[in-house]
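**Student:** In case you want the letters, here they are:
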Amino acid sequence: MSDSGQAVFDRRIEAEQKIEPKDWMPADYRKNLIRQMSQHAHSEVIGMQPEGNWISRAPTLKRKMVLLAKVQDEGGHGLYLYSATETLNATRDEMNAALHSGKAKYASIFNYPALSWADVGAIGWLVDGAAIVNQISLQGTSYGPYSRAMIRICKEESFHQRQGYEIMIALAKGTPMQKAMAQDALNRVWWPSLMMFGPHDSASAHSGRSMQWKIKLRTNDDLRQSFIDQTVPQIKFLGLELPDPDIKWNEERGHYDSGEIDWDEFKRVISGDGPCNRDRIRHHKKALDEGQWVREALQAYHNKKASASAA
Amino acid sequence: MKKSNDLYEVFLRSIRGVDHRHVGSLHADTAEQALTYARDVYTRRSEGVSIWVVKSTDITASQEQDAESFYDPMDDKPYRHASFYVLPDEIDNM
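Those protein sequence lines, which keep their order, are chains A and B.
Numbering of the first sequence is given in numbering that gives the first Met the number 0, commencing with residue 0 and proceeding in unit increments.
Numbering of the second sequence is given in numbering that gives the first Met the number 0, commencing with residue 0 and proceeding in unit increments.
Bear in mind the hints are in silico, worked out from the structure with no lab data behind them.
None of these values were measured; they are calculated from a predicted model.
C-beta: ideal position from N, C-alpha, C; glycine also.
A hint or two may mislead.
Claimed, not checked - Listed next, with one range per pair, are the computed distances between beta-carbon atoms:
hint : chain 1 : residue 1 : chain 2 : residue 2 : range
1    : B       : L6        : A       : P25       : 36 to 42 Å
2    : A       : E250      : B       : D18       : 52 to 58 Å
3    : A       : L287      : B       : V40       : 43 to 49 Å
4    : B       : P77       : A       : S201      : 41 to 47 Å
5    : B       : H21       : A       : S157      : 23 to 29 Å
6    : A       : Q71       : B       : R20       : 23 to 29 Å
7    : A       : S201      : B       : H21       : 44 to 50 Å
8    : A       : W248      : B       : S45       : 19 to 25 Å
9    : B       : N4        : A       : S3        : 36 to 42 Å
10   : B       : D18       : A       : E93       : 45 to 51 Å
11   : B       : Q64       : A       : M176      : 51 to 57 Å
12   : B       : V40       : A       : H282      : 50 to 56 Å
13   : A       : S3        : B       : Q62       : 24 to 30 Å
14   : A       : D228      : B       : P72       : 17 to 23 Å
Claimed, not checked - Over 12 Å on every C-beta distance to chain B, these chain A residues come out as not near it, computed from the model:
hint : residue
15   : E85
16   : D183
17   : H199
18   : A202
19   : I246
20   : S270
21   : L287
22   : V293
Stated by the list, open to error - Reference listing, derived: stretches of chain B covered by chain A, where coverage requires no fewer than 3 residues with Cβ under 8 Å from a Cβ of chain A:
hint : region
23   : 35-42
24   : 67-75
Make a model of the complete structure from these sequences and hints.
**Tutor:** Structure follows, in structure tokens:
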């Protein structure tokens with residue numbers, strides 16, 4: 000007697016084994032993964048825009064080269080994640096269409112503009128820092144291709160946060176004007192960085208299911224707390240003011256307490272009404288449209304070669 | 000009728016969750032046959048949980064003599080590595 004697909008699947012999840020593309024899996028597991036992984040991919044790719052905006056204005060050649068390398072990495076990471084999502088039979092066209100229609104989301108932080116050079120430092124330090132906390136946990140996710148993509152991405156990304164913090168050190172130890180710029184960037188990037196972990200566990204639509212299936216191994220609030228705990232000493236080291244007056248060490252919990260996130264802002268920005276949502280999607284569409292002739296030319300060349308070798 | 004059968008490259012996944020790794024090659028007439036042979040040749044000691052076979056002619060490979068144009072441009076980009084950024088000891092676990 001052979002076990003049902005569901006029974007085998009359940010046993011594998013229970014035993015913390017990976018699920019691979021050709022294994023039987025529940026339709027909702029597949030759907031949930033496609034949602035989470037494609038949104039992760041979109042975040043990588045849309046995330047190239049706020050930083051890419053500063054490549055031509057980086058203050059030194061070194062910073063410019065570093066920023067180029069980082070933005071290039073983000074594009075590569077988007078590609079790993081799109082490819083991993085395609086192992087679930089989602090197509091790139093479907094994923095792009097969902098992004099453009101607003102059905103698929105991406106990290107809402109990228110709907111804010113990078114206003115000054117200090118933002119580039121704060122993004123590397125805080126946004127990549129938050130992403131790394133999340134991604135380290137996701138290395139253990141139950142879907143094999145997602146897990147392997149995360150391992151590769153974490154390894155490559157190790158320089159992203161450090162380069163950002165290095166920029167912040169230079170500014171925080173610089174002139175009063177530079178220090179003020181660093182403080183301003185920290186104040187603006189802090190809250191959207193905390194929002195990257197998603198809604199509170201009690202309000203998260205997908206968390207329960209995702210935890211059961213071990214797609215996610217730690218909850219949104221748990222990950223967010225880790226990020227706050229590791230980042231507060233880094234803020235203090237820079238000699239900057241804490242961006243949230245309610246941040247206080249809680250001896251009993253062994254964690255930092257912190258103030259409440261503005262969830263109205265989160266909802267407004269994630270559903271399309273942030274400062275840059277329309278720009279981000281418009282730019283993505285434009286880049287896709289402008290590359291159309293290249294894809295057509297490649298297809299025509301391929302067809303020509305195929306018909307030549309068939310003749 | 001073809002004179003000889005095809006060469007297949009064999010990839011094994013040793014345990015669930017890790018990548019398939021190339022282990023060798025063998026001759027077979029069909030992909031299914033290659034899979035059966037691969038089982039006999041490469042997994043006699045339970046070396047894997049999954050086998051991939053790919054026709055050798057379907058693999059497009061870079062050549063060793065082209066290594067320069069593939070890899071040289073990466074040599075002068077140490078800033079792609081975390082160790083390039085020197086941070087104070089207090090923060091260095093980042």
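**Student:** Are there hints from earlier that the structure breaks, and if so, what are their numbers?
**Tutor:** 2, 8, 10, 13, 14, 23 and 24
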